[in-house]
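The primary structure of each chain is shown beneath.
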Amino acid sequence: MSEMFSMSAIGSVAAPPRVSKEQKTLRAGFIPLMDASILIVAAELGFAEKEGLRLDLVRDVSWANVRDRLAFRQFDIAHMLSPMPVASMLGLGSNPSPTITPFSLGRGGNAITLSTRIFERMQALTGLPDDASALANAQALAAVLSDMRARGEATPTLGMTYPFSSHNYEFRYWLAAGGIDPDRDVKLVVVPPPLTSDALAAGAIDGFCVGAPWNMVASERGIGRIVAAKQDIWPLAPEKVIGLRPEWAEANADTVSRLIVALDRAARWCDDPGHHDQLAEILSSPPYIPAPRDIIRRVLDGEFSLDARGNKRIIPDYFLFHRGAANYPRPNQALWIYSQMMRWGQAGFSEENCARAENAYRPDLYRNALGADASLPDATEEVAMLSAFMDEQAFEPQHMQDYVARFAVKTGASPAPNAQED
Amino acid sequence: MSGSKITADLTILVIDENAIRASIIEEGLAEAGHCRVTVIHEVNGVARLIETLQPDVIIIDIESPNRDMMEHMFQLTRSVSRPIAMFVDRSDTASIEAAVDAGVSAYIVDGLKKERVKPILDMAVSRFNAFSRLQRELAEARNALEERKIIERAKGILMKMRGLSEEEAFALLRQSAMNEKKKIADIAQSVVTAAGLLL
Chain A
1 MSEMFSMSAI GSVAAPPRVS KEQKTLRAGF IPLMDASILI VAAELGFAEK EGLRLDLVRD
61 VSWANVRDRL AFRQFDIAHM LSPMPVASML GLGSNPSPTI TPFSLGRGGN AITLSTRIFE
121 RMQALTGLPD DASALANAQA LAAVLSDMRA RGEATPTLGM TYPFSSHNYE FRYWLAAGGI
181 DPDRDVKLVV VPPPLTSDAL AAGAIDGFCV GAPWNMVASE RGIGRIVAAK QDIWPLAPEK
241 VIGLRPEWAE ANADTVSRLI VALDRAARWC DDPGHHDQLA EILSSPPYIP APRDIIRRVL
301 DGEFSLDARG NKRIIPDYFL FHRGAANYPR PNQALWIYSQ MMRWGQAGFS EENCARAENA
361 YRPDLYRNAL GADASLPDAT EEVAMLSAFM DEQAFEPQHM QDYVARFAVK TGASPAPNAQ
421 ED
Chain B
1 MSGSKITADL TILVIDENAI RASIIEEGLA EAGHCRVTVI HEVNGVARLI ETLQPDVIII
61 DIESPNRDMM EHMFQLTRSV SRPIAMFVDR SDTASIEAAV DAGVSAYIVD GLKKERVKPI
121 LDMAVSRFNA FSRLQRELAE ARNALEERKI IERAKGILMK MRGLSEEEAF ALLRQSAMNE
181 KKKIADIAQS VVTAAGLLL
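In the order they appear, the protein sequences are chains A and B.
When we follow our numbering, the leftmost residue of the first sequence carries the number 1, and every step to the right adds one.
When we follow our numbering, the leftmost residue of the second sequence carries the number 1, and every step to the right adds one.
None of these hints come from the bench; they were simulated from the model.
It should be emphasised that the depicted structure is a prediction, and the values quoted were computed from it without experimental measurement.
Any given hint could be a false lead.
[To be verified] Distance windows between CB atoms, simulated:
(1) A:G91 with B:K113: 31 to 41 Å
(2) B:K113 with A:A143: 48 to 58 Å
(3) A:D378 with B:E42: 46 to 56 Å
(4) B:R136 with A:P286: 19 to 29 Å
(5) B:E152 with A:N311: 51 to 61 Å
(6) A:P316 with B:R116: 52 to 62 Å
(7) B:R148 with A:T155: 51 to 61 Å
(8) B:K113 with A:R221: 25 to 35 Å
(9) A:S97 with B:E140: 49 to 59 Å
(10) A:R309 with B:A177: 54 to 64 Å
(11) A:G371 with B:K113: 49 to 59 Å
(12) B:S95 with A:D364: 32 to 42 Å
[Said to hold, decoys possible] Calculated Cβ distances over 10 Å to all of chain B for the following chain A residues:
(13) P98
(14) P194
(15) D198
All residues carry an ideal CB built from backbone N, CA and C; glycine is no exception.
Go ahead and model the full structure; you've got the sequences and the hints to work with.
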């Protein structure tokens, strides 16, 4: 019953009132996850108001809904997975509609969790230590998978969030780095993040890659073991972004600038550890994240309970809301996402596709809005980041095809018919 | 398998975790002459079903987090002939809004003429709305029942503590409600709460 009421509450959103020429009230779609923090804080703590904007946050339940409701103008802006604007510009997925991002909502937050049952087998079979690296964990899983195949056991099922998600590409990257073919050796399925822990407990899945706080929710329940964090795979990997329709951004240029300023101020606030008590308080209150405040608080500081046996790990910068130019939408990140789409057969290569992918990320809008306040990436650091992958395979944005060809594990079949023609 | 009307040859799959709402949709489709309708309440195993069924239209509850699962499936399953998107006509803002408000989304096989799908979607939207109304009415009815129970208990307390008859107890509650400009049920609730504290 209460479900019914919340459903209609989500559904019946009034048309946005228009003040003057440009819009001042923005309807913002979001999924209740910790990486929506900047957007939530901008609305809750007056950062948007200070820029003369009202953020009307509308909670949604699926990325497909977020995408469609942005496309159909039900939302003006949206909390999105970083690959979603890239996919939309490449014409991938159902109902693609041009989407750009002028602001990244930070980095980090993802992790990979396996069931304790599988992890115990990995330790028994390979002598894997408790503090093994992400790569060693993946290799141990590979050993267990071949053992399972030899014994004729069923192929394990692993959960992620969306076909065009950081989770899909990061999970695949980690598996493949360990020598596992994600399309042959395991079965990848989509599980909505809040359900991951229960699905693991019920044995419906054997592991998952999702955002915070769901990994730690599973490890503290004693049903899962965290085996890799997003930072282990590629520290520069983008997570969530703010998505906009390009024609709306053009017609509301001033509003977009104010929005970016508001988000920048909110991001700086979220990044300050002194604010994390308050941030955890906001995030854990309705209508945001249905998880214990205590877990959210510790996840914010990167304090991880890897399992329920007391194994802990501190991951510095597990959430980067602002530092390290975390809000700057790097075209190289968009290209890396495109490279993974090529790698896994979602898209074919063409120069036009490279341009489309790059143009989904709009650092020009970020810079214009913030001027001297813009946090720009450090050139030397950026170059170093391009080779900071868990398998030491350096990303070469200039040589996309060669880069993809170098991966030993990738989709062998010819790529799916891809991206739209003009 | 063909129905009596021209539209009846479409194969329609309804995915709705709410069994009652799904049956309301199914009934509506049957009334409109669609006989190739399959209804499921959970998405487990839906991939295989879609492959064998090859539906022209899939209607799914917008509040189902399983939409993302469907998107993934459509990415993987080459045999599913390009099921697309949500809503029929991108340019038709009114019907998009109506669908979102009602909570309906749909996947439609590419190339299907929109005039063939629109009546189905419109029907789904109106049935979803009717269902919401039904839920609201049910909630109100339950509420009314709860209120009656509370009033009964309050009456019982007053009768016992003040030695009143049933009519007198009810009259007292009603008089207090009028004096305080409150509902009888609210006064009754106060009586029950107060009695709980005092006894």
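Hint check:
1. A:G91 with B:K113: 31 to 41 Å: 22 Å, violated
2. B:K113 with A:A143: 48 to 58 Å: 54 Å, holds
3. A:D378 with B:E42: 46 to 56 Å: Since the Cβ atoms of D378 (chain A) and E42 (chain B) sit about 50 Å apart, the hinted range of 46 to 56 Å holds.
4. B:R136 with A:P286: 19 to 29 Å: Holds: the Cβ-Cβ distance is about 22 Å, inside 19 to 29 Å.
5. B:E152 with A:N311: 51 to 61 Å: 57 Å, holds
6. A:P316 with B:R116: 52 to 62 Å: 57 Å, holds
7. B:R148 with A:T155: 51 to 61 Å: 57 Å, holds
8. B:K113 with A:R221: 25 to 35 Å: For K113 (chain B) and R221 (chain A) the Cβ distance comes to about 51 Å; the hint is violated.
9. A:S97 with B:E140: 49 to 59 Å: 40 Å, violated
10. A:R309 with B:A177: 54 to 64 Å: Between R309 (chain A) and A177 (chain B), where Cβ atoms are some 60 Å apart, the hint holds.
11. A:G371 with B:K113: 49 to 59 Å: Given range 49 to 59 Å: holds, Cβ gap about 51 Å.
12. B:S95 with A:D364: 32 to 42 Å: 36 Å, holds
13. P98: Non-interface label on P98 (chain A) holds, nearest chain B Cβ at 13 Å vs cutoff 10 Å.
14. P194: 8 Å, violated
15. D198: 13 Å, holds
The earlier numbered hints that this structure contradicts are 1, 8, 9 and 14.
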